[in-house]
Structure formats: C-alpha cells, structure tokens
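Visitor: Chain by chain, the residues run as shown.
Protein chains: 2
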Amino acid sequence: MLKNITEAQLKNMTLKELIALCEEAREVITKTVLNNGGHLSSNLGTVELTVALHYVFDFPEDKLIFDVGHQCYTHKLLTGRYDKFNTIRQKDGISGFPKREESLFDCYDTGHAGTSVSAALGIAKARDIKGEKFNVIALIGDGSFNNGLIYEAFNSLRLLNTNVLLILNDNGMSIAPTVGSMHEYLEILSEDMQHKSKVDRHAKIFERFGFGYDGVYDGNDLEVMINKLTEVRERIKKESVILHVLTKKGKGYSFCEDDPESTHGIAKNNQPVQFNEYSQVLGKTLTRLAAKNDRIVAVTAAMTSSLGLSEFFEKYPDRSVDVGICEEHATILCASMATEGMKPYYAVYSTFLQRSFDEIVIDICEQNLPVTLCIDRAGVSGADGETHQGVFDLSFLSFIPNLTIAVPKDLNEFEKMIEFSEGFNAPLAIRYPREGKRFFGACEKIACGKWEKLAEGDGKYAILACGERAVTQAFAAAEELKAQGVSVTIINARFVKPLDTVMLGGLQEKFILTVEDNMLAGGFGSVVNGYFIGGNKILKNFAYADEFIPQGSVSELMQERNLSGRAITEFIKSNENR
Amino acid sequence: MLKNITEAQLKNMTLKELIALCEEAREVITKTVLNNGGHLSSNLGTVELTVALHYVFDFPEDKLIFDVGHQCYTHKLLTGRYDKFNTIRQKDGISGFPKREESLFDCYDTGHAGTSVSAALGIAKARDIKGEKFNVIALIGDGSFNNGLIYEAFNSLRLLNTNVLLILNDNGMSIAPTVGSMHEYLEILSEDMQHKSKVDRHAKIFERFGFGYDGVYDGNDLEVMINKLTEVRERIKKESVILHVLTKKGKGYSFCEDDPESTHGIAKNNQPVQFNEYSQVLGKTLTRLAAKNDRIVAVTAAMTSSLGLSEFFEKYPDRSVDVGICEEHATILCASMATEGMKPYYAVYSTFLQRSFDEIVIDICEQNLPVTLCIDRAGVSGADGETHQGVFDLSFLSFIPNLTIAVPKDLNEFEKMIEFSEGFNAPLAIRYPREGKRFFGACEKIACGKWEKLAEGDGKYAILACGERAVTQAFAAAEELKAQGVSVTIINARFVKPLDTVMLGGLQEKFILTVEDNMLAGGFGSVVNGYFIGGNKILKNFAYADEFIPQGSVSELMQERNLSGRAITEFIKSNENR
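As you go down the protein sequences, you meet chains Y and E in turn.
The letter at position 468 of the first sequence is residue 467 when you use numbering that gives the first Met the number 0, and the numbering goes up by one with no holes.
The letter at position 26 of the second sequence is residue 25 when you use numbering that gives the first Met the number 0, and the numbering goes up by one with no holes.
Keep in mind that the hints were calculated from the coordinates and are not lab data.
Hints are not guaranteed to be accurate.
Pairs count within a copy or across copies, as identical chains cannot be separated in the list.
[Stated by the list, open to error] In silico DSSO-like links for lysine-lysine, alpha-carbon gap of 27 Å or less:
#1 K10 x K227
#2 K539 x K509
#3 K132 x K314
#4 K459 x K536
#5 K481 x K247
#6 K436 x K415
#7 K132 x K83
#8 K536 x K509
#9 K129 x K291
#10 K236 x K459
#11 K291 x K227
Next up, chain Y with everything else stripped away, as it sits in the complex (with noise of 0.2 Å):
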C-alpha cells in the first residue's frame, strides 16, 4: 500500500487499512535501515504518530517540522519516496534529515537540536502576517526538548502572539537515555497521564509560557494518536498546544525496544555501529590520567558512549557531567570548573562545536583558561551529510585567541596530546575524526607548536598534511610518486595554532602543499598561505571549497573533492617541469 500513495488514498483508508500500513512501514523502514545504515529506533517509535499526522492534517498546505530529523522517514515513505528510499543516507541519493530541496513536504531542515520550536514560530508568524489559516507543527523528541533554545521559543510565544501544535515524542531516550529536570518533570506528567489524574495541575509549567497542555499515553496506538490529533486540531485554532506523546523507542522490532541506545544509529549491513578508534583512545586515555589525577573532569552533551567515555562515567561518576543537549551550557561549565582548578575535556562533534562558538571565544578563551576541547568526529562525516559534517572547526577556531590547535596524524599521537594537554595551563583543541589507526609509528613527544618531518624528499616538494586523513594521503601520493622517481618531503603539520614557524622558515622547498580535511576558507592552508605571503614560494591547498558538502562515504567525500593522494600526485606531476 505504501507504494506512490498519496495523502488522498490515506485519508481514506479504513483504520484497519491504516495499522497495516504502519506495519509496512516499519518494515520498509527496518529493512532499509539495517542494510543502509541510519537512525533505526527513533524511526520505529514513532510511525503510528506520523500516520496519524498526515491522516488527520492536510500536507503540504499544513507544515511540519522535525526536530533533528532523526524521526522522519515514515514521512518520507509517505511523501513519494518510496522509491527512492533503498538510497537513504547514499551519495547521490535521498537524505536522512528533512531537505527542503527533496520535497514539497519537507518545510524546514533540521539536524541539530532543538530548532523545531523557534522555526515553528517563525513560520506560523509568517502565516499570520500573510493573512493565511494553515497549521503548523513541531514535533521534537524529549532529548532535544533539554535544550535552552526551547526555553527561548516558549519565552517568545506570547509576544508573536500565534499558534503552534508542538508535538513532544517522549521516550524517555535522546540517543542516551535523557537527563535532566525537565526530564524528571516529563516523568511526572507521564504518571497522572497513566493515572489520570491531577495532569492539569502538573502541566502548568506550560501553561505558563502559554501553551495548553494535553497529553497521550499510548502514542504507539493509531486509533488513539488519530482521535486526539483531530480534537487538538481544533484546539489549536485558539491557542498554542503542547501534545504530550508517550511512544516506545524501537516499537515493534524486539532487538530496538530491547536496546534503544546501541539502535539509535544503525551502521550499513546489519554490522554493528562503525568503530570510533579515535573515541576509544580518549576514553581509555582520560581514564587512566584521571586516576592520578583528580582534578581531571569529563562533561559531554548527550554523547557519552559515541565520545568513548562510558568507563570514565562509571569509574569516575563524580567528575563526569553528561548536560543533555546543551553545547552552550557545557562549555561555561568547564571554563567556570577550570577557574577554580579543575582540568576540564569537553567531549562533543565537531558539528555540535559549533553551538559553543561564542562561549569558546568569551568564557574559555578571553580567561585564557585551560580547557580541553576533544573535537571527534572532524572533517567530512559522511551519511549524515550537510548539517553534519565536521569541516568548518579549524575555520570558527584558527582566529580565536590564547587557543592553541592540535590535531594528531594517528591513534599513538592523539594519546599523547592528551598526555600533552594534562600539563598544558591554557586553552586547547583537539580535532580528530572518528576511524582511526597507530599507523605511523611511534611518536616524538608533544611540544607544543612543534611538527614532525615523516619523510625527507629531493628537495623540490614538501607536503604539510594537517591529521590522520591528510597524513594518510599525503604517503599515499609520496608511494605513487616513488615509483616515478620523485621523492616528496611529508610534513605532520600536528599544530593548526600556533603554526612551527621554525620548520616552516627551513623549508628549501618550492613547492607547499598543504592538506586538510576541512574548508580552505580560513582554515590551515589558509593559515600557512599567511605565512609565505611576499615570498617566492608556490603554494596549493588541498582542502574543501566554498559549499556545503552532502551526503557520501567518507572516501566519496574526500575523493571527489580532491583530498586525495591521487590528486596530489597529480599535481606535482603536472608540475615535474616547472
């Protein structure tokens, strides 16, 4: 049935016609999800909810926003990509997120937390200002519902005086199972929700921002989830609602109900989630340095396990902090810690870095103070794509003052940046990307600002190559060349800030070849290019240009964009007579 229907078929379906399409969708769903890769038990949790959406409202008049997005590929089942959708998360094919550009129906892009909200506003706004009637609606699951973006939509919802259906998927779960007040307050409304009883008094948290509150207990039982979006419908042409959803992560597929957490991200094939090599080492490193040391702390938003710090967290409750998602809020909390004493690591992906932007450059780095951000998951990330690639942190970091910029070339060298960062009275990052191998070799003590020369060349070509990605590249070229006669200097450029002006200054070479996995706006090519300004050398960059980059392996990505040893290799090719 889920085949090329359309919101007029559904509408007249029969109930029964209805919960078997929600079966077929779960199916499609896990069938896909375990071949493809991609967000698994969120998806499953939260089927009957979407069926009942597009039953009860009409789409794409009326809008629909997801929070993340980690919720909505019934939605696209349902929205004429059927067809398409064996290539979730591919290159070249559909995305995991809601993408405006895909669909009629997709009315917002989503992918970092707790955007649903405000964007909801915004366009019932707009709605307003234009004189038209159709419905808006948020639907956000409970772990984004920590972040303090919520806090500001519901602060202003008043003042545009408009209104919004928000829908809140409460599983209990983000990708970790949610933490915080609001959580515990969601717990209580749950209970008198089980009980019926004393709901109204509970919910006035929300009446107070001005939203009316309704809850469902059962959010996985379509004919209920079908009555109470029809009554509130209605509701919502007077006021702003919140409807309350219980749903069950991972329904109806016993290996997610059983495990939400490990089901959240599903790799391709059925294998379990990638390795995170890189995650492990800070893991393992932080928790055997934090045995000595008890002034070290680990905080991380949400992201715990995906972070390598699940030992930490249990051997060292006291001095773990795991907020929720709120990026922001970590980032004081570890400036404030280290002013007094502390050795704070802040854990996060370099994409959700970027919510910390302005409390890295006031709070951690205008107090000069020594805070360790561990940035994983750098560079281009992969299935994800746009909303979530790790490519603009050397870029929002390189200009910032007092922070020095590490990133290590392989697993050996990542353990002894950390080892380096123990000692180290400042403020620091680290960038590394999630696959990772002791590939190189051993590796020198860490000095900062220092880098190390892995091969000598013939003096003609030196290639500075900035983290594992690079470094790996750059012998990948140097190996080709070899065997063609040419012989290539491969530089481990393993600080971004400050730059080693003393190697830099002794290179004989004419020819620099930067690589990075990361923007050349602003980022270390461009840093070096600074450098060599006025002198007569002859500089490339091998990093990514001016556009968001989408969805691929990690190997397509850099691949296509020329981060590759072939590219470099084929530029100094075509430079073997100059």
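Fit chain E to the given chain Y structure using the hints.
Guide: Coordinates of chain E only, in the frame set by chain Y:
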C-alpha cells in the same frame, strides 16, 4: 568611608553606617559614570543588594558572579578599586565588567548574557569535588533571565547535585523593558510578594527544576536585604535557592528613575549616548522600504532602540519582533519566516551575533535563505573592552557557504546596500560600525561582489579598504603621501565575499595593501592573500593581531594597532626604494 574599605570594616559597620556607605557609593558611581560613560541605572539599582551581599557573605572565599556585569560597580568600589574608579572604562583603567585579572574578588569574567548560572554551577561543582565549603552566588538581571542558557543550567541542577544561590535582580528591564512569558511570570510572582500571598503556589516552576524560591519585595531596603540574605545563607547549605529581588533601576537619581532605558548606558561627560548613525540609516531605510514591501520583517534581541529600529517597530508592530536576549531563537525565527516568503532583517551587535554562529550555518546558509544580517557595532567598539569588540565577524562568517558579506564605506552606500538587499534572494551579511559619515560622495548602484575604485594612483600601490573606518584611514594616508609625491590607488572593497576578482585581476600595482577593522586571521586580508597566492604581488595586511583587545576609545585602539593612515603611510614610505 568607601575609600580603602575592607571586608572586615564593612562587616563591623552599623546599619546606619552601611546606609551612608550606600549613599556614598551611589554618589561616586553617578559622578564617575556621568564623566566617563558606563552603565548607570543598572548599577544604581543594586547598591543596597551589593552592600548586603558583602555584609553577609565572605568574599573572596565565597564567589560572586555577575551576569553580563552591568551591576558590578558597587562591588568594585568595595573591593579595593575605589582609587582607580575614575579610570573605569578608560584606556588602561579598570574595566566596566568583572575581570579576574583585576581582582581576586572577581571570580568569573562576564559580558554576554545568561552565563552566570552555568558558571555558578561549574564553580560549585568544582568546590564539591575538591571538598571545599564556600558559597557560590550568581547575580542575574531579569533581562538575561530570558536567555536559553538559563534553562540549560536549570535543567542540570539536580544532575550536578550541588547548591548555589541565584539572585534574580528584577527591575523589569534589560536595556529595554524585559519582554516574554518568563517576565510575565515574574510579574505574577512580584504581585504575590506584594500581597504576601500565593508565592509558594506560583513558584512551582523553579521548584520543578530543584530550586527553593524566596522573594524580597523592596530590594533597595538594606536592612531587609541583609536579613533575607542571612536567612538564605543558611538555606543554601541544604538546597539551591532562587532569591527574587525587586529593585528599582536607576534608584536614587531621578533622571535615571524616570528614564532607565536611555540611562542604561551613558556616554562620556554627561553627553547623550553617542550617535549611532549607521543604526539610524538602517531604521530609516527599512521603514521606508517596508511601506511598499509587506514582506519585510525586523527582528532584534532586546536592542531595538540602540539598533535604530524604534520607528520601524512603532509603524509596523505586526512585522517587528523583539524576542529579548535570545540571539539563537531570533536567528531561527528569521530563517523560518524566510521559508514562507518573508524578507527578514536580523539586526544585532557584532559581538552578540557570535551566539548565532551555528544557526547562521545550519538554519540560514545551509537552507540558502534570504535573511539579511545587519551587523551593528562591528570593529572595535571602545570602552566595553575584550568581551564586546566586534572584530571577529568577518572571520567567523567568511568561510560559510552561500553567504554574501557586504561592508559599506559610508552611510550613503549603506543605504544603497539595504536597498540592494531587498532584491537579493540569498543570505546576506552587512557589517558596519557605530559612527558614520556621508563622506565619500554619491555611490554607484550596488552589484553583488563589485568593488569601486575611489582613487587612481601612479601604479605602484593599491589600498583595498574594507568599510568606512578603513577607507577613512586609506584617504588619510593618501593625502599625506600626496604631499610627498606618492599617489596611491584606493579601492572600496565593499564585498568580502565574493571578492571582486575582475578588479583584483586587473590590478597592475605591485604592492597590495588591505585594511580592515577585524582580526587578521580569517578576515578580509586573509581572503585577499588567498587570491594572490602564487603571484608576484607584495602583500601587506592592516588588521588586528592575535590577541583580545582591551578597552579604549575607537581611535586609540585603532592607532595603537597600526590601523591608521599613519601606519599605512609609513609602510609605503619604507618601500619607496623597492
């Protein structure tokens, strides 16, 4: 009494003496601020509160964090800075904000809103880890209380399992009157206090997050404040407490009490607040365009009047939104309104735009939406110092795909740029300083990425000047050089992204000088350097080096950092024999 007062002396004073001390502090603050400029009414409102805090608590063992810091003057007077107080906000003088470098009594630097609760929690958590016992107090105004960081901090209170005292200084204003649902809620609580009724019932929101709640109706009554703080000091041994204190902004100085908004910030020598010519042009132009274009919307975050938008807000209330100090939310409101065909303008100070970095990348630019960022107070901003300099914006914007960045050379051109923006269907940032002149004559029509040549030289030197301050210095240099027989080309580089590669490619000059009121790293000069990589030009960048810039007048700060006609002249003269 104030001069050289110690904590011990203050604690031995009688109530009468303490009241006299308050009056003296009020007098010194008023006199100094009317002379030096600074934050007047916010500081006058919190004199008693601050004296009471110093009477009851033991600083610097106990820690006091000022949110934003507009309320710290009395604290500075009480903690060894009486003698230097006349240097406040002057070059090389004491700061108008809390600064750890300045005093042991300043435990956390602030400047941007909403950070104090997170910082208090971090400091308290560090205290607990270390097994120490001091008290941690955050003092926050009701304006900052709108910021999402507050919610993130509240949400983690129970998680962190620590105790702090949060003093909510409620005067009903931030700079402008406070807006939003939280403010309305605080008003309900204030009424309860007045009638000594129902407070417990209404204060449930705070209790949900794990705070005890108490209130003081007259926060300017010293005796009441002392008694309440004494009581609360015991209570926070067992739980975190929000103490909601009502104060009168501008208390004790009728000029301020009557008009707390325009006396929030005072310019030097009792002049009215400095002119902000660019803001005025923004307001006038947008108001004019909005008369014919009903899609134009203006959004601000608690700065409407300072951004020149009062008239717009009065004329078009339905298309005006001030969300309070919620920069991230404001940014998403703009992006989402744009998805519905609106033409949103988000006006904001450069330094506060830092809070929106992630939303600029993900919500505006990834979706390629026609939002215009009107970035006011760009470049060094003067007396507020390190936390308020607008010198990072070109660096954190210039690598974002899909974004166009424009920088006007004068007010005429700014007006033309706003007109240009109306028909520009993609993300656009326009950055400008506070002060401006209609100086450089009529300006040609703006075309995206097109620069203009303002002066043709004798072919050796080209100055690429970005923005009015830079163009002004370029002309100053040109004039001086002319007297010495050197004639330079001056180019108005009014787009930082995209560059005018046609004009750049046609430059015959050997020496290319860039001038900008921004960091060197990642800024305009760095982008130009990237263009010329591999060529044979001699490049010289005039921009800010890698350090936080302290307070001073705009011209002092620029001169000292060689952003001046003088420095340009000297560079050129030193190259006359090359």
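Visitor: Quick one: which hint numbers does this structure break? Sort them smallest to largest.
Guide: 5, 7, 10, 11
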